[in-house]
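Here's the letter readout for the chains.
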Amino acid sequence: MSHERQGATPARWGADLQTSLFAKGRAGRRATTMPAWRGDDVDTALPAGALRAAPADLPSLSELEVLRHYTLLSNLNHHIERGLYPLGSCTMKYNPRLNEKVAALSGFASLHPEQDEADLQGLLCALKLLQDALCEITGFAACSLQPAAGAHGEYLGMQVIRARHLDRGESGRTEVLIPDSAHGTNPASVVLTGMKPRTLKSGPDGRLDLDALRAAVGPQTAGIMITNPNTLGLFESDIVEVARIVHAAGGLLYMDGANLNAILGKAKPALMGFDVVHLNLHKTFSTPHGGGGPGAGPICVTEELARFLPAPVIREDGGVYRLDACAGECRPSVHAYLGNTGVCLRALTYILRLGGDGLTRVSERAVLNANYLRKRLEGLLTVEHADGTLHEFIATGADWKERFGVRTLDVAKRMLDYGIHAPTIYFPLIVDEAIMIEPTETESKETLDRFVEVVAAIRAEAERDPDLLRSAPHTTPVSRLDEAAAARRPDLSWLGPCNCG
Amino acid sequence: MPYTPHTAEDIREMLDVLGLETVDDLFRSLPAAVRPPAGLDLPPSLSEEEVWRVMSNLAALNAGQDELVSFLGGGVYDAAIPAAVDAVVSRSEFLTAYTPYQPEVSQGTLQVIYEWQTFVTRLTGLPVANASMYDGSTALVEGVRMALGRTGRDAVVLPAALNPRHRRVLETNLASEGVTILTAPAAAAGTTDPAALRALLDGRVGAVVIQNPNHLGLIEPVDALAAAARDAGALVVASVNPVSLSLLKTPAEYGAAVATGEAQPFGVPCGWGGPLLGFLSCSDELKRLIPGRVVGRTVDHDGREGYVLTLQTREQHIRREKATSNICSNQGLNMARGTVYLALLGAEGLRELGEANRVRCEALRAILRGIAGVELPFDGPVFNEFVVRLPRPAREFRAFAREQGLLAGIPLDGFAGCGPGDLLVAVTERRTADEIERYGSALRDFLEP
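Top to bottom, those sequences are chains P and H.
With this note's numbering applied, the first sequence has no gaps in its numbers, which climb one by one up to 501 at the end.
With this note's numbering applied, the second sequence has no gaps in its numbers, which climb one by one up to 1449 at the end.
Don't read these hints as lab results, they were simulated from the structure.
One thing to keep in mind: the hints can contain errors.
Said to hold, decoys possible - Not close to chain H: a few residues of chain P, all C-beta gaps over 12 Å, as computed:
(1) Lys24
(2) Asn75
(3) Asp116
(4) Leu210
(5) Pro219
(6) Lys266
(7) Thr302
(8) Glu303
(9) Arg365
Claimed, not checked - Lysine-lysine pairs mimicking BS3-like chemistry, simulated, CA-CA at most 25 Å apart:
(10) P/Lys375 / P/Lys401
(11) P/Lys201 / H/Lys1287
(12) P/Lys401 / H/Lys1287
(13) H/Lys1287 / H/Lys1322
Using N, Cα and C, we set each Cβ at its ideal position, and we do this for glycine too.
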């Protein structure tokens, strides 16, 4: 156990796991001191009944001890600046350092959300620039920056669609169609708005099946949620007809913009017939994933739906920006303030840096990289629905499983030994032993070529010594973890040394 | 072009492998109708230096809390951020990693989450915590959902002095789920009236929200409120300022089933209200209803201790439409900020932080009490925030104080019985005795020109 391995034992760099912070430090040691108080002390003790019985039991460490602890922990992570991160549907592109420098500017970072507009003119201008840019990219008329994540944007988008139906007295429209290739957040978001998801089976080519769609729409239809390009990396070529069918039935179209990185400057959601789209700024617009956030999931909507977006709304009049509270209107709110502003500023920085042509090149190169990689992997991995893939593609490990007795999970774990993060696996659910690969545009041809070599090497290993894959990874700080035990006997906070072994 | 490595030669070679003439051939599956005829109407690419100039010029048009002396709160506070916090979270290893789906190469992030969960449990006293929520408002929504899910009831009682921004988010969320929202009135003292709460409780109410301190800054009679909820079979969902848990009774001590709140003061910049750091913790009985990511400690195949995402069968990517929440990504990096912040403070530092807030807050209250015409309408105990009642509109004083470089507070007109003269004032550890004195002088000057 790691806390017992702190003795004077020599170890390879990075070989030693970290002792828990809660087993470190010593009472009386400290890293911070409060500013001295030079004012009067006012004697107003809090009533005993309001106080906690004992101080919170936090470890006491010096500043260097804290920094060492987290620096050593950080060394256990894979990250973008270390190596390839080909997670399908996650768009793990390079996160420009300039974005971080801009967001940290005191003139942005130190603003309180209850300040007056006069103190916020530069910020409001920046956010308006971002909204306008996102509207131009998607072809829509209005934008809300409030959602803090993609799923949060889905939720707000569904609220907007629901509000519009109710506004027209169509309370019976409660069913939302969702293709079976969709992200799990889609059905979950629908349910939380009080509507019902209904699954649409994909056609044999991995795209929407128009006959199934025609049979499914009706007076109960609130709308449809479509990821385009879809999670197989395929563009829904019939999208204009899909929109016609859904609109004719009185429903609205929601686009999950998780895969927007494929179509910047190449296609606009509004031209496809969508009514609402959410964008993942932490995917397409290069803001960092931070180990699970914060992201941002703004939504853009048609002119008709603009009045259902959260307030306040940023308005500009003769170069002066103001926050319109939209008094008297009933608008939804999904966040205490106007969302993850710091993430929005990073995205604007990225958009300014690239410009309109640069953004179009982003998609061209993302799609070129994915197609090049797909082509080079032919003969090594079987790609499903290969025709017309854009920024990502889905391989199946089913034949490796049959021939070599290794599962997709084993292949993914072995990749870790080569310094590459595993692709997304077992998603989408409609492909057996799925391996979903998205290299993004920021990777070089050499890196892609090396990925191919790695897959070839792993395939040779699978043929020769499948146990090597089944027991992988071998070079990482830990080997495969006992997830079943973790779920069976949850140990969710540090109460003392681990007795889980 | 920035950020992509492709040379013309690379592109040619790659197209040759694909047997294509141009890159645009890759987009054949896009019908003409969806393609913008003239590309994107956005300005051309700028150099890094040019973008820096544009953005830093925009930042310079703002005036924030480094430049102005802030007494603003209401859920987001002007708290000091140790340099070591920024140093840790700017490391690419934390900044640019994805959600830790491959635990073998994500032990750093996973252990940080586990430490955050531990910190939250030690602050709230409840044994289970998750990896964070978007903000305090969405954390509260999820807490109420958990309590209603557990009790199988469909009504919630909110206090009149609940943060109004949190109330709006609750209303958006709960109305479409068919949940009835009831409001427990505030007594003259500004805190929730336990007797009035009892009168509202019936077999339908599954959740009672207690915000402590409440949006008037006042410490609530938490024991009496929680007892009322318990007697009616409802669960208490607490919304707390976590800085106040340095001193105040923990949600576990008054029997809350869920504790939520906004942990922005733990090392996260105010950032105009985002990204923030919602936290959520709960009792053991509710742990399988908790939303979002949860990390557990386990062992690897060689017997080494390690961490994994766990209890994932609750989550949307497994449960889809049967999931209790749709949350996927959370506030990971801000959670890392909170973790490093609390590691730097330690037990003694946290207690001192609480005292520093309280002492400064009391000092300003004492000064304001001495100004003729100014009232402190509620005399109950507070932590770091309170209401001052002015004989003239609070908005006018806010504008007057701003001229002197002070952000005087949040006008409360129309909130929980407050009038145009009422202002919510927060005092954090960043405020000096001199700045607090300046506040008093500004108010005197405003009232007696």
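Distance restraint between P/Lys375 and P/Lys401, which requires alpha-carbon spacing of 25 Å or less: Satisfied, since the Cα-Cα distance of roughly 22 Å is no more than 25 Å.
Chain H versus P/Thr302 - minimum CB to CB distance exceeding 12 Å, so not interface: 15 Å, holds
P/Leu210 and chain H, when compared Cβ to Cβ, separated by more than 12 Å: For P/Leu210, whose nearest Cβ neighbour in chain H is about 14 Å away, the distance exceeds 12 Å, so it holds.
Assertion that P/Asp116 lies farther than 12 Å from chain H (Cβ): 7 Å, violated
Check on P/Lys24 being off the interface with chain H, judged by Cβ distance over 12 Å: Label violated. Min Cβ-Cβ 9 Å, cutoff 12 Å.
Satisfaction of hint between H/Lys1287 and P/Lys201, Cα-Cα up to 25 Å: With Cα atoms ~34 Å apart, P/Lys201 and H/Lys1287 exceed 25 Å; violated.
Assertion that P/Pro219 lies outside the chain H interface [Cβ separation over 12 Å]: The claim stands: P/Pro219 keeps its Cβ more than 12 Å from every Cβ of chain H (closest is about 20 Å).
Status of P/Lys266, Cβ more than 12 Å from any chain H Cβ: Check fails; 5 Å does not lie beyond 12 Å.
Satisfaction of hint between H/Lys1322 and H/Lys1287, Cα-Cα up to 25 Å: 17 Å, holds
Whether P/Glu303 stays farther than 12 Å from all C-beta atoms of chain H, as the label says: 18 Å, holds
12 Å cut-off, C-beta based - P/Arg365 kept clear of every residue in chain H: P/Arg365 is in fact no farther than 12 Å from some Cβ atom of chain H, at 5 Å.
Interface-negative label, P/Asn75 against chain H, beta-carbon threshold 12 Å: 7 Å, violated
Hints 1, 2, 3, 6, 9, 11, 12 from the list above are not met by this structure, while the remaining hints are.
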